[in-house]
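Knowing the structure of chain W, use the given hints to seat chain C on it.
Top to bottom, those sequences are chains W and C. Numbering-wise, UniProt numbering puts 65 at position 65 of the first sequence, and it's gapless, one number per residue. Numbering-wise, UniProt numbering puts 328 at position 328 of the second sequence, and it's gapless, one number per residue.
Rather than coming from a laboratory, the hints here were simulated on the basis of the structure. Here the structure is a predicted model, which is why all the values come from computation and not from measurement.
Per the computed footprint, the stretches of chain W lying under chain C, defined by three or more beta-carbons under 8 Å from a beta-carbon of chain C, are:
1. 54-67
2. 82-90
3. 112-125
4. 172-183
Just so it is clear, CB atoms sit at the ideal spot from N, CA and C, and this is done for glycine as well.
This is what each chain is made of:
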Amino acid sequence: MTDAALDVSSPASAGEDIRALQSRIAQMQATKLDTRAVRTHPAIAPLLPGGSLRAGAAYSVESSTALVMALMAGPSADGIWCGVVGLPDFGVEAAARFGVDLERLALVPHPGDEWLTVTAAMADVVGVVVTRVPGRVSDGALARLQARIRQREATLIVLGDWPQSEATLRITESTWTGIGAGHGYLAGRQAMVSVTARTGNGRPRRGRLWLPDGDELFRPVIELPGMAGRGEGAAAVAASAAAFAPAAAPAFAPMRLLREVNG
Amino acid sequence: MSAGAAAGAVRTMVLWCPDWPVAATAEAEGLTLDDPIAVIEKGLVYACSEGARSDGVRRGLRLREAQARSPRLRDFPYDPVRVNRAFEPLIGALEEMSPNVQVMRAGSCALRARGPKRFYGTEHVAALAFLERFAELGVTEARVGVADGLFAAEQAARLPGVDLIRIVPEGASPEFLARLPLQLLGEEELCALLWRLGIRTLGDFAALPAEDVRSRFGEPGARAHERASGTDPRRVVPRIPPEVRESVNAFEPPLERIDQITFSIRAEADRFVGELAAARLVCTELRVEIATERGEVRERTWLHPRWFGANDVVDRVRWQLQGGSTIESTLSAPVVRVRLTAETVDDSARHETGLWGTGSEERIHHGLSRVQSIVGHEGVLTASIGGGRSPRERQLLVPWGDRPPTPAAAPGRAAPAGLPGRAASTASASGALARIAPTSASPNGGARLTLAGTEDMIGPSSTSSSSATPTSVIPTSATPSITAASTAPGTTAATPRPASAGARRRGPKSSARAEVAPWPGSLPPPLPTTVFEQRRQVLLLTSRNELVDVDDSGELIGEPARFSPDVSSRSLRPVQAWAGPWPVSERWWDSRKARRLDRLQLIDADGTAWLLALDRHLWWAEARYD
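In isolation and in its complexed conformation, chain W is listed as follows:
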């Protein structure tokens, strides 16, 4: 039986088929209507699928707390509560500098064995839940949590892997400025952020961001004409910045500058 099944297709083409099927399933799952957009910081919005964070969706961030904070900044500025579960090393002051309002931030550093309950309870009330999946959690539990997130229209940001994440964000390279071999100090960082969406062709979107720059702002690196790899991306940034500007805090001021540069 099994031999016969193996004979039908070579392992390579079987893997191909499975991948194709999976991507079709994923696309079909993505056709969920009316997912509400959550206000997102304009620097990072164009990289995300759909141009913003979505309520009821999960995002996975690979090993960069700064990216997590960048994702949190937009909703927090919009008056949404954020909950951080199971991250005892979360740098609160850095989060505040990124634009996360500490007045609307609740931390549960050590949920212990009650991680799932606490995260679910948190998702009931706060708009953005940031967490890291502890050791061993069954797939069923994760699926239940995902369902709860979707039902409560919260946004889940997971530091690490998440099976049904809308997009996975990672920093593929980062360059620090201001520091040399034994002199200077850390002043700013340019990071190449790459976002792999669950749906789509599997090619990641990339964007170079200051995370943050010397003035503690995070914004896209303004690329000079000719060097620009993603002109339309920058334009999208400018467009969303225009939409964002009226209510924007002074922290977003560089966006206006960017708009002028782009035209």
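Coordinates of chain C only, in the frame set by chain W:
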């Protein structure tokens, strides 16, 4: 009443417990009154026990002198809340026997003598009954004085002697007072003046014509004169007994399991909250006292962001019992009593829910309270930014619902010490005192200064002494957060290298400035996004695999070339860039809190930046920029 002199005075009874602050403190601390105990307020002895008195300790003595006289002296700060709270049961007991009690201060109370006299027959019998009741509650030292007027009665109670009950017959108060010394009036200025005028006793003072006293000493003098002549017009102003603000749950037999206790108090908590609600009050601050069979009492005050419902009360009791363990765990000793007291109550009208609810804040509150009931009170935190130099100590985490802590000590108190040891520039010290902009004159780039030393921070003493020593651009007594690059030749100053050296006293200390203090020497932005709860030990090696260290003058020994985020040599990776070291020397005057570190920033091969600290020749990762 009968005598003309006492026309204005009402027959009054005063109950006095001698050394009450000491007695209350001794009971709370588990000591006896024979131990030498002193209660200290503002550095002076406020009250002391018999044991201390026999060693020569007196009220008003300075603490040091008291300690010199009685080497075994145990001193405690005066805690008015504790002292008053300990007196509360006595008042309650007294009120059960006779209403309308006035609390004059903790340890002494007054009531009109007429009622008890009618009820018990004579004043003496009434006083005896009160003393017996006090003795049942464990206060055997109490004394009673009965006289016309509050002042006379108080003096009768406080008069030294063996009598526990002293009754001044009706109308005899002026004669009784006449023999007493003037100082009992408690008006220091007036007494000093009268003393110089040759007046020694209350009788002498009372003999002066009232009109003359009033015209010379004004209204306060006239009132003192009335007291001295036994015509104290003050009436007993009975206190209004507190509303139902307390609930005591005694367990017989004592309970051992937390779930049993929480179950038993649930009904009581309902009643407690219900009665408050009936009085149109809500409790916003709750005190929970848990007494165990061994006699220990654990008490704690809980705050609530809104107000306590019955479930919240039960939760607080459970958390206090738990102290981190799970609900099934057994306690160290069985609990005999749980006492709930509403410390602060508020008008419930101010806490009404609006017709359409109070919106999301309330929802958040309910949700977070629920999380709190899962992980415990300390499990859910809110954050604010405080003062300090290490990233960890700057974040103040407070349990949800509690008040934010008071701001940390001013950097004026937490003075860092980092004097330039070998400095070549003769830049004037006053120039160094000014705030230095985060751009430097270095043409080579990379050498930038961010120094937040302000003039306020540095006292004149440092100015004068630093002019004696040639100083670089680094403010003398502020730890430079970042120094200029030593490898950059041709900078204005030669090589400003902060070295560990003696620190000096800071300028004016001001607590008002604590909140806005600039904390020179704290980390410059960008701030680390991951701040380790427990710092992690790391390895930092040179290219020849030797440990990097810092010598006595603050210079690195060896150049960092390989780094491992843990202590295993397998995860060693090359170092991309590094900067430092920057010395931090804090609280050098306090041997327990003193800290001496050398900080270093480092980028490893992955592009992750780290904040490292060298402490006693070991490298630790304090934070990570990821």
